[in-house]
Structures are given as structure tokens and as C-alpha cells.
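These protein sequences, in sequence, are chains Y and P. Counting from 100, one number per residue, gives the positions in the first sequence under this note's numbering. Counting from 906, one number per residue, gives the positions in the second sequence under this note's numbering.
FYI, nobody ran anything at the bench for these hints, they're computed from the structure. Be a bit skeptical, because a hint or two may be false.
As the list claims (entries may be wrong) - Lysine-lysine pairs mimicking DSSO-like chemistry, simulated, CA-CA at most 27 Å apart:
#1 Y:Lys229 <-> P:Lys1192
#2 Y:Lys239 <-> P:Lys1007
#3 Y:Lys229 <-> Y:Lys213
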Amino acid sequence: MDGRVNLSQVAMRFGDFTAIQPTSLEIASGEFFSFLGPSGCGKTTLLNMISGFLTPSEGLVAIGGVDMTRVPVNRRPTAMIFQNLALFPLMSVYRNIEFGLEVRGVDRKKRREKADELLDLVALGGSGDKPVAELSGGQKQRIAIARALAVEPRVLLLDEPLSALDLKLRQHMRTELKAIQRKTGITFIYITHDQGEALTMSDRVAVMCDGRIQQVADPMTLYRQPRTDFVAGFVGENNRFPGRVTAVDGGMVTLDAGLPAPLRGAAASPLEPGDEATLYVRPEQWRVGSASDSSLPFGGVIQAEHFEGAWLTLEIALEQGRTVRAHVPQALESDGVESSFKVGSACRLDYSPRGTLVLPGVERGQSDEEGADVAATA
Amino acid sequence: MWRQLHNRFGLPLTMAIVSLMGIWLIVMVLLPQWQMIDYSFHPALLPAERGGAKDVWSLTNYATFFRNEIHLAIFFKTIWSSVLVTTLTLIVSYPLAYYLAKVATPGQAALCLLLLIIPFWINEILRTFAWYIIFAFRGPLNELLLAVGLIDRPIRFLNGDTGVLVGMVYAYILFMVFPLYNAIESLDTNQIRAARDLGAGWGRTHRRIVIPHAKPGIATGCIMTFMLAAGSYAVPALLGSPGSRWFTQIIYNWFFEGGDWNQGAAYAFLLLVLCIVFVTVIMRIFKVGLGDIAK
Ligand SMILES: Nc1ncnc2c1ncn2[C@@H]1O[C@H](COP(=O)(O)OP(=O)(O)OP(=O)(O)O)[C@@H](O)[C@H]1O
Ligand SMILES: [Mg+2]
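Looking at chain P on its own, in the form it has when it is part of the complex (with noise of 0.2 Å):
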């Protein structure tokens, strides 16, 4: 990369570039994560106490984490329910991204997925508030659900995990019908015609030739819808309930409520891991290397 830098633009202007792109990565990404690493290995102290003798390196705030059964419950429930949501994200998507790629004249494409982007123009927080306007207990949804008899009464959509599942998929679909589409749009239609022509039904056409081959988009999608999900703040905060709480909650009042911002940067730091966690397993289950993801 240098050298192609080099090439192009000469020494002077080289050094400069990579020097900005440096101190870019330092400052802005590895010493702010540094310092917040660095927190969440020190107790809470008064800025008095700083590097006194109290200011030691320690485990405590990750020992209080492991020892809060609620906390726990609340983290193993926020990689459930992550999972879930990038589930049925992709249960959702892929038909989607498939009719988009495959089936769809171009013009049809070019409607639909100006149908799908426009909403993102807005805010996540009004789209999810509208979820909140449509899930209320006197919303439209109920409305609609009543005058056509399929209840007699009322359902409390935001009482549990149901609002927070459908506010999510909604919120992230974009970023796994992206990956999906970009990765069976790139599959040889021919290849299709193939598999049918040899006899396959649609069911085996896609077990064999279009998931296969969408692995790669399949991947990226599912991480980046996890990852979404599972740092997500504001979904869980307006269609949840205090059952349905979510990690990053958890978070947000160590920061804000608590005012102990080394023990939330030590949650922070266990979601991170989390999250890179997931990544691996992930990478690993579709068998793709972070090449293929890049792509």
C-alpha cells in the first residue's frame, strides 16, 4: 500500500497521509478503547484518590458482574434474544433479497428498494416510536386485529419480548437484505436453471446452489444484524418492558444513573467480547474467512 501511495502521490504527500491515518486510529479509535479497558480494570475512586494507593489494577468490576444473577440473566437474555432477531432477520430477508436479485424485473427492484431505503432516511428512534404507536394497547394494530375478529380483546404487544423483536428486525433488516442481495444478485442465474433442469425443486435449488453461494452475504449480514441488535439502545428502551430489559440498558445507568463509569466500562467491555465472540462462531459455523466478508 505504501508503495502504490508512493507511486502515486510522492514522499511529502505519502507521509502525510499515513501519518493523518495514524494519529487518526490512535486517537480516535485505540486510546479511547484503551482508556475505557483501563477503567474497567479500577475501582470507582474520587478524583481525589486518583493514582493514590487506592488507584490499583483489579478485577472487582468484573467480579461484580459474575456475581449480580440479574445482570447475568440479562446478558445471556440479550444474546438470545440477539440471535433471535438476526433469526428471523434473515428468515425475512432472504426471500426478499432473493425476489429482489433473481426474480424482479429491474424496474420492480428499483421500487422496492426504494420502498425499503426510504424509511431509514428517518431517525431510528421515530421509526421505532412509530412500532410504539402502532403496538399500543388502544394503537391501530389492535384496531385492525378487533374489527377483524381474529382477538376479542386487546393484546399488551409491549409487555414482553414481542415488541422489541419486531421493532428490531424492522430496524436492522437493511443491513442483512444489503449483504444478501449484493451475494445471490452475483450468483449466475444460469446456475438456478441448472439445478431445476436436473430436476431439483426450489427447496433443494437453494439448499444447494443459492445458500451455498450466498454464505459469504449470509454472514456478514447475520454479524452485522447481531451486533446491532445486541448494542442496541434505544428499541429495547421504547418497545420493551423492565422484563425485557436489554445489556446495554444495564450499561447506559452504570454511566448515567450509577455514575460509576468503570464498572459500566467493564460491561461494555464484556459485550465487546461478546460481540467478537459471535463473529468467530460465526465465521466459523459459515466456514468464510474475514476475506470473504470484506467482499
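The shape of chain Y in the complex, shown without the other chains (with noise of 0.2 Å):
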């Protein structure tokens, strides 16, 4: 049996609120798969609807080929790490590892053998004695994963095991997850509300919003093609215009946003003169020059910034009254060019539309990361 993990059309109904819509996907053997998503979209009931704690309303659910409708969770190929870990507190480092080989009946020596293997592959190699109690939070962590490798699944769940740590911590166990990833082979299912963790790590995304599935991709064809608003919006930052189609030349349209000067993207998919759509530019696309530099088409008054290590944010109040936000990188500010990015002064702004996206319709009322989460619990 490979770690092939199938979806199809399988749904989760509670009562008369659907957590999960129909869904279908295929995740493939070996691979590291990231659910991406605001709290409250279904990412835990989709997961546990694999390690079979919940079973579907609907649908089916297949590991390796093999229909895992009547297969209870202690039988499934699956292991899952608990968004808090849930060791058992009662027993030490070795008994936890040795916790699930105990119960398949393989005897002390080689579970000793064993357990010792992987306190090594995790980097916590003579820590088996200890009490759980006695570790740290990145301890923990490790011996949690060697604990779900003891079973030798073939697809490993992952509930937000990374949140529970401090930034740089978090970010070291993201590579040695990827490193334990690629040396075992074993198909990880990840979920995070964190879209680093998300892009760093996977071989592919699966973004989500309310139940449904919005895009499956690999991290850089989610950035720079996100399909619909939401990824748009939630994968990065995102300036939103929306308008209506004026021309349409090859790839690239033509918007009228109401602002002075028309814009211009790349069309991901057919558009007609007329419809209505919406461009987005990334805070990173902006060319931010001094108000007395007319070469750039937009005019706009710095309302905030925000420092944030190699580059600035600035919140620019277009003259239409619309904010658009803009990185600078550093660099810039300290040429000489710097009294013209305080707040309060006006300024001058571009892009380039060859980098930037435009999608057909009109996303009203939801426009952010948060507008997505109100809508997802309202």
C-alpha cells in the first residue's frame, strides 16, 4: 500500500451546517500537502475525516487505492500530530515512542531498537528516559513526531503542530519537518492557518474557504496565480481594483477603476470589453517615487508606515480616495529620497502591469484576510 490519499466527493454535514462541501482531490504518494485556510473553514474535520474520527456524510475517502469507509482509526495507515501534541504525560520519552509498536505486539527489544532510531532521526537522542514533563515546548514537539513515525504510516496528519511555538522555533522545526519529510518519504497532510508555514514547506496548497476547496497548486503558481479573490487576498497581500474591461490587447486588458489614468494587467482568463473585474497588484509590484516625479500616472498622500526590517510599508491614500499599500525597500529611504516618504507627504506611484493579475468579476463586501473570517463564522 503507497500513501496515496483520495477524495472524492466526500462532504461533512453537522446538523444542517456543512463544514466540508463536496470535495474531490487527489494528494500523492510522498508528498507534502498543505491545507491552507482562516480558522473555522473545515481544515481539522477534513482531516479527520482521513484519520477516520469523523466519518463523511458523504463521499469516500481512499489510502493507497484501498476504500477507507470501514476501516476504524486505529486500523488506518494514517498517524496523526496533535495541534497540542497530546503526549501521554503519564509515561516517558521511550514508553510514548514505543507507545504504538507496543500495541502490534513487537517486543521490547526491538521497540527499544527502534525508539532509539528515531530519538536520533529527531535529533533527541538519549532524552528516552526522561518524563514528557520535563521537555521543552521544540522537545515535545520532536518526540510527538518520532511517536507518530513509531507506526510507520504511510501518510502522516499534521494539525497545526507549529503553532503552539515561538517564532524561531517554529521556523527550525519547518525545515527539519521537511528534512524528516524527505528522508522518510512518508506523505505528510499539513494544516496551518499560516500561509509561511504553508508556502515554505509543501510540494503543494490546497487553499480554503467555508468548507470548499477555492485552489490546489504548488506555492509559486498560488502566489502568482491565485484563481480566485479569496487566494488573491489570503495568499499574500493584495491591492484590489475593481472596474470594468475597455479594451482587451492579447493577454492584457485594460481597466476603468476610476482613476485617472486607465490600469493595465494580465487577463488569467478571457475577458470582453464591458465585463467587470478586478486587478490586483502586490504591495511589492508599487514604484513609490517624490510627488514632483510625473512620469508616474497616480497621485496619492503617505497616510502611515510601517517599518518591517528590509523594506517599509507605506499606506498610500490615492487622490480617489482609495489606500493602496506599497513595500520600499530600505535601500531607497536612505538615498536621499527619504524626506519624501513621511507620513503626511504626498507622492507620486506606478506599477508595472505585466506581473499583475486580473480576474473576471467583482468581490463586494469581502476584502480581506478578516472579511473572509467574518464571512466564515457569520
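Join the two chains, each given in its own frame, into one complex according to the hints.
Pasting the structure below:
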């Protein structure tokens, strides 16, 4: 049996609330696959259906090509890493890791060998006799991974496993998780609401919203070619310009969004003049210059600036009242142009249409991640 | 504790609270107990003889017990039956407590708890009497079993120990269910799921995860049930037969029928010692300390 996971028309309802809309998906064996979405969008529910804690209201879950409908949790070739880890506090590290082997009737000596091997894998060799309570957060994390790997699952399910760790440790564990996944070749299904985690580790990411998968793609595609408004707003940042198409020329469209100059962008799908469409411009795609630079078509006033280390995020109110976010490299700031990026001062800006994206339709009311969140919990 | 009280109430009030507590403890708990123990080491005398030449410390009252084979037998039978009651109560309560704590929705759990508690608003004697009626030779239970065809002659439930066992399990089940419920409830459900996920069947999940976690609750429940059972009077008196007498009934007889308080006090003290021994043994078996139980 390999580690392929197939969902076919899987849906989950709690009473008359639909947590997961009918969903079909194939996750390849050995893939690092992430589900990314805001809180309450149904990520855990989906994972629980794969692990067997929940039975889908509709549809089939198959692992390695085998239908899992009649296979109970304890017989599935999956292992789960819980958000709170759920290590057994009354047992030592060894006994935690050996638990799954003990269940399978592996003899004591083999269990210990395997446990030592796994402790080495997670770089905690020699701490097998410690009580679990004495470990640090990051160590507990690794023991949880070792415990799950001990049963040699085909599929490892991880439910926001890093969310309890501090930033530094989280970044470190990302690298380790990815390394462990490469070494073991196990399918990893990873759940997170942190796009950084999803984008850095995954082979493919499914972006979810309101119980529905919006897009499945590799991280690069997801960032460059989001297919829906939600994905465009949730993965990375985007400035939205809803408007009407005025001209189409090859892959490029011109959009009237009520700004002094027409906007141009690359169409993701065929559009006709007169269609409603939205242009998305990422903060790093803006070119911001001084108020006197008349080669830049849009004028605005800097409302706020946020120091982010390598760059500065400016909130600029365009003359028409729309506020956009733009990144300015730090280097620029120290080039003497500095004075033009003060809060309250005027500036001019432009973007290059090549890298931008135009999607058909305009979303109303749902403007950013928070908006989506509100919609999801309403 | 003195410090905390002092900080909160000031010196005079603290003195008052502490001395009241002390007086209560001494007058209501220690003195009567001491009086009983003192009684048990003195022979039964007429009021006129008290303080006289015959009023000396002696072990006669205890010797009487150890020489009386019937009383010894009843004593051990009480221990054995109380252990049985405790075990049965545990067996009945564990699934119930697990269901309440981990399976039932909050609504179902509230309903179940209510149904469990309501009968306890009724006096123990009345509840026990209800079983007396149910178990009667021509009572509803026999009628039912006859009607279903499980038996073809009524059974005398009240003749042997069956009635006493059932009555006691029923009378004390709450004292087992609640500590168990509290203990199981505090277990992180993900632990159970993790065990299942790692391949453990239900049996092993309970053996390795739920029961070890619930140990202090199990110990508390067992101790309470055992003490209540061993000290029970109403249930064996109502549901038992002369052949299934309880040690408490012997004590009662010494006090109120034999009129020998000194002898009764010795027997009562033996029961107290038994209970203390039981508590210690249980705590050893479950490897829990007093602190765990008090939680
Ligand atoms: N047992 C249940 N009964 C009723 N509703 C449920 C149940 N489990 C989940 N839900 C609902 O289903 C939706 C999705 O829940 P789920 O736990 O899958 O979200 P999630 O994406 O994992 O969120 P988070 O990131 O906060 O963990 C939520 O609206 C939740 O209220
Ligand atoms: Mg979740």
C-alpha cells in the first residue's frame, strides 16, 4: 500500500451546517501537501475524515487506493500529530514512542531499537528515559513526531503542529519537518492557517475557505496566479481594483477603475470589453516616487508607514480615496529620497502591469483576510 | 494559613476564627472519639461503680470479640461484602462516568446527571425500602421475570446477599460516579484519540490511558464506597436476612439492645481501624497520596 490519498466527493455536515462541501482531491504518495485556510474553514474536519475520527456524510476516502469507509481509526495507515501534541504525560519518552509498537505486539528489544533510531532522527538521542513533562516545547514537538513515525504510517497528518511554538523555533521546525519528510518519504498532510508555513514547506497547497477548496497548486503558482479573489487576498497581500474592462489586447486588459489613468494588467482568463473584473497589485509591485516625478501616473498621500526590517510598508491614500499598501526597499530610503516618504507627505506611484493579475468579476464586501474570516464564522 | 487569614481579617478576627475552629474540632470530633475509645478499654459498670476499684483499663471488650466466632465471621463477611460492593459499584460506574465525561453531548450529560441525582434527594431508607418492595417474593421483579419466562418460580431475593449487594451499589453509586467523572473529565480527549490513532483498541486505550489518569478518582470513589458500605446500617437491615447480618448491626445491638456501650465502643473502634487499614491499602495499590485524593 502506498501513501496516496484520494478524496472523492467527500462532504461533512453537522446537523444542517455544512462544514465541508463535496470535495474531490488526489494527494500523491510522498507529497508534502498543505491545507491552508482561515480559522473555522474546515481544515481539522477534513483531516479528521482522513484519520477516521469522523465519518464523512458523503463521499469516499481512500488511502493507497483502498477505501477507508469501514476501516476504524486504529487500523488506518495514518498517524496524527495533534495541535496540542497529546503526548502521554504519565509515560516516559521511550514509552510514548513505543506505545504504537507495543500495540502491534513488537517485542521489547525491537521496540527500544526503533525508539532509539527515531530519537536520533529527531535529534533527541539519549533522552528516552526522561518524563515527558520535563521536555521543552520544541522537544515535545519532536517526540510527538517520533511517536507518530514509530508506527510507520503511510500518511502523516499534522494539525497546526507548530502554532504553539515561538517564532524562531517555528522556523527551525519547518526546516526539520521538511527534512524528515524527505528522509522518510511519507506523505505529509499539513494543516495551517499560516501561509508562510504552507508556502515554504509544501509541494502543493490547497487553499480553503468556508468548507470549500478554492485552489490547489504549488506555492509559486498560488502566489503568482491565484484563481479566486479569496486566494489572491489570503495568500500574500494584494491591492484590489474592481472595475470594468475597456480594452483587451492579447493577454493584457485595460480596466476603468475610476482612477485618473486606466489600469492595465494580465488577464488570467479571457475577458471581453464591458465585463466586470478586478485587478490585483501586490505591495512589492509598486514603484513609489516623489510628488514631483510626473512620469508616475497616480498621486497620493502617505497615511502611515510600517517598518518591516528589509522594507517599509507605506499606506498611501490615492487621490480618489482608495488606500493602497506598497513596499519600499530600505535602501531607497537612505538614498536621500528619504524625506518624500514621511507620513502626511504627497508622493506619486506606478506599477508594472506585466506581473499583475486581472480576475473576472468583482467581490463585494469581502475585501481581505479578516473579511473572509467574518464571512466564514457568520 | 495563619498568615493568609491574618492578612485578610486582622488579628482579633483571626484569633476568633482559629479558636472557634479549634473548639469545634476538639469538642465535636476529638473528644467524642476519645470518649468512645476510652469506653472501649473499660468494663461495663453500673453508674455507682464508676471511678471505683473495678474501673480499670482492660482489653476484655476486645477479647470478647476475638473469642466470638460468629462476630468474627460477620466482621470478615462485612469486609468481604464491602469489597464486593465496592468492586461492583466501580464496574457499574466506570462506563457510566466515561460516557458522561467523554461521549455524551453536554445536554445528554446534564440530563443523565440529573436523573442520577434526583433519587438522592430521597432519604436513603426510603430508597432502600423501594428495593425491598421491588425484590419482594410477590414483587414486581419476580412478576416481570415470570412474565418474560426467565424463571418459573419466584426467587427469594431478600433471603441472601443479592438484595444487600444490589441495594448498596444503588445507594452509593453517586459516591463512585462523581470522583470518576471528575477524573475522566479532566483527561484531554486528544490523549484518547492519540492512543486510538496509534492503533490501540478500546480495551488498551482504557487500560493504558484513561484508567491511569483516573486513578486518584478511582481511589477516592473506592474509599468512599467502601467506608459507606462497611458502615451501612439501613441497607443490610432492610434488604438482608438474618444470615446476611452486617457488622454495624452487631454494634447497634451492643449499644441499644445489649445496653453495653463499652462493648459496642470496642466494636465500633475495630470498624474504624478496618476502614483506616482499607484506605491505606487502597492508596498503596493505586500509588496515590492523600493530596491526590483531596483534589
Ligand atoms: N462536532 C462538530 N459539531 C458541529 N460543528 C462542528 C463540529 N466540528 C466542527 N464544527 C464546525 O465546523 C467548522 C469547521 O471546523 P474545523 O474545526 O474543521 O475548523 P478549522 O479550519 O480546523 O479551524 P481552526 O483553524 O480554528 O482549527 C466550524 O465552523 C466548526 O464550528
Ligand atoms: Mg483546526
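Okay, the hints, checked on the actual structure:
no.: 1; hint: Y:Lys229 <-> P:Lys1192; in the structure: holds, 20 Å
no.: 2; hint: Y:Lys239 <-> P:Lys1007; in the structure: holds, 25 Å
no.: 3; hint: Y:Lys229 <-> Y:Lys213; in the structure: holds, 17 Å
The structure agrees with every numbered hint stated previously.
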